[in-house]
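Novice: The residues making up each chain are set out below.
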Amino acid sequence: MQEMTLNPRIVEIRQNILKKNDLLARELRKRFQEAGVYVVNLVSSPGAGKTTLLTEMLTRLGERHSVAALVGDLATENDAERLRESGAKVRQITTGTVCHLEANMIEKTLAEWDLASIDFLFIENVGNLVCPSSYDLGENQRVVLFSVTEGEDKPVKYPTIVNSADVAVITKIDLAEAVGFQRERFYEALNEVRPGIPIYEVSVRTEEGIDEWITRLEADKAAFKKSVDSL
Amino acid sequence: MHELSIAHSLVELAVEAAENTGMKRVQALYLKLGVLSGVVKESLEFSFDVVIEGTPLEGARLVIEDVPVQVFCSDCQEAHILPEPFPMRCPVCGTRTGQVLEGRELELYALEGGEENAGDDIKSPDR
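Protein chains in written order, with full-length UniProt numbering: chain A, 1 to 231; chain B, 1 to 127.
What the hints contain is simulated information worked out from the structure, not anything from laboratory work. Here a beta-carbon is modelled for each residue, glycine too, at the ideal position from N, C-alpha and C. Each hint should be verified, as a subset may be incorrect.
Derived coverage of chain A by chain B (criterion: at least 3 residues anywhere in the stretch with Cβ under 8 Å from a Cβ of chain B; other residues may be distant) [unchecked claim]:
| # | region |
| --- | --- |
| 1 | 18-24 |
| 2 | 124-134 |
| 3 | 150-163 |
| 4 | 187-194 |
Kindly generate the complete structure, drawing on both the sequences and the hints.
Specialist: Pasting the structure below:
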């Protein structure tokens, strides 16, 4: 009987563990760019008001642009139904037990859409401030939402996602006074984890700050189009 | 808790890499885990043990190196390692900086293993 021996060696691999997701996200980003679609990924805790704000955004932007949305939840079509009230093209992604969206879910759900006919695509992620931070979906911009009821130290409690975001939106600002929202502390917390992050304050109910937010999105989209056209 | 799906991705990647490099038995996986990666080390270790059962990696060790945040300070014009991931301020002069150079890694850095052979060492190109 031959003796079993082992020659241990170390081989460098140096690959991102989420390589598959990252490669697919890169491919998606290229497709979005070629089709001229501006893609925004919305992340927040459950209940921060993503669906309410997104319905308003789809309605407003839908007056001048072709808009579409994908919405992720563990279960139900409820959010897609709410978003459809805006008249936009909407598809629900139900993830089952998965707590975040991944690039392959986006690719699969988009399969039947003609991307060239869309100006803005919004992706409403699963309500979760932890897991979505690791998954690139091919978006141009990641927006993190907090509502005024969540406590001023929330950005410091969930630093990773804030650090990965491009813009922060504070929702339900009409309740700021009622809940004793401390604006300075909140801004300070955001800046401790993501220095210089642009911050917008909105209320869908009173429409405060909505125009400004919509203007920003349109400007971002215009800048994106310009950079794509110059390629 | 997305560490379970990350552990699945890790095992998939490692099995593929082991095949590509001709490693028949993997004894250890070396990971670099940035403190800004959004992954909890303990959860990943737990998930890893569950996920490798019944795969070619069964019995392999997971060796995780924590990578601290390294930022570039525009005032000092230097890179600095932060003692804590937050606040994101230069540890020397206190200036806020969001220029992260390191600390987001979620990387399979290396595999350790070998060939359980029946005396065919000589053919092995690295030995």
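Novice: All hints are to be evaluated individually against the structure, with a verdict given for each.
Specialist: Going down the list of hints, with the structure as the test:
1. Three residues within the 8 Å Cβ limit are the bar, and the region 18-24 of chain A against chain B gives 4, so the coverage statement holds.
2. Proximity of the region 124-134 of chain A to chain B, defined as three or more residues with a beta carbon under 8 Å from a beta carbon of that chain, is established by the 4 residues found.
3. Coverage of the region 150-163 of chain A by chain B holds in this model, with 5 residues showing a Cβ closer than 8 Å to a Cβ of that chain against a need of three.
4. A stretch counts as covered by a chain when three or more of its residues have a beta carbon under 8 Å from one of that chain; for the region 187-194 of chain A and chain B the count is 4, and the coverage holds.
Violation of the numbered hints given earlier is absent; every hint is satisfied by the structure.
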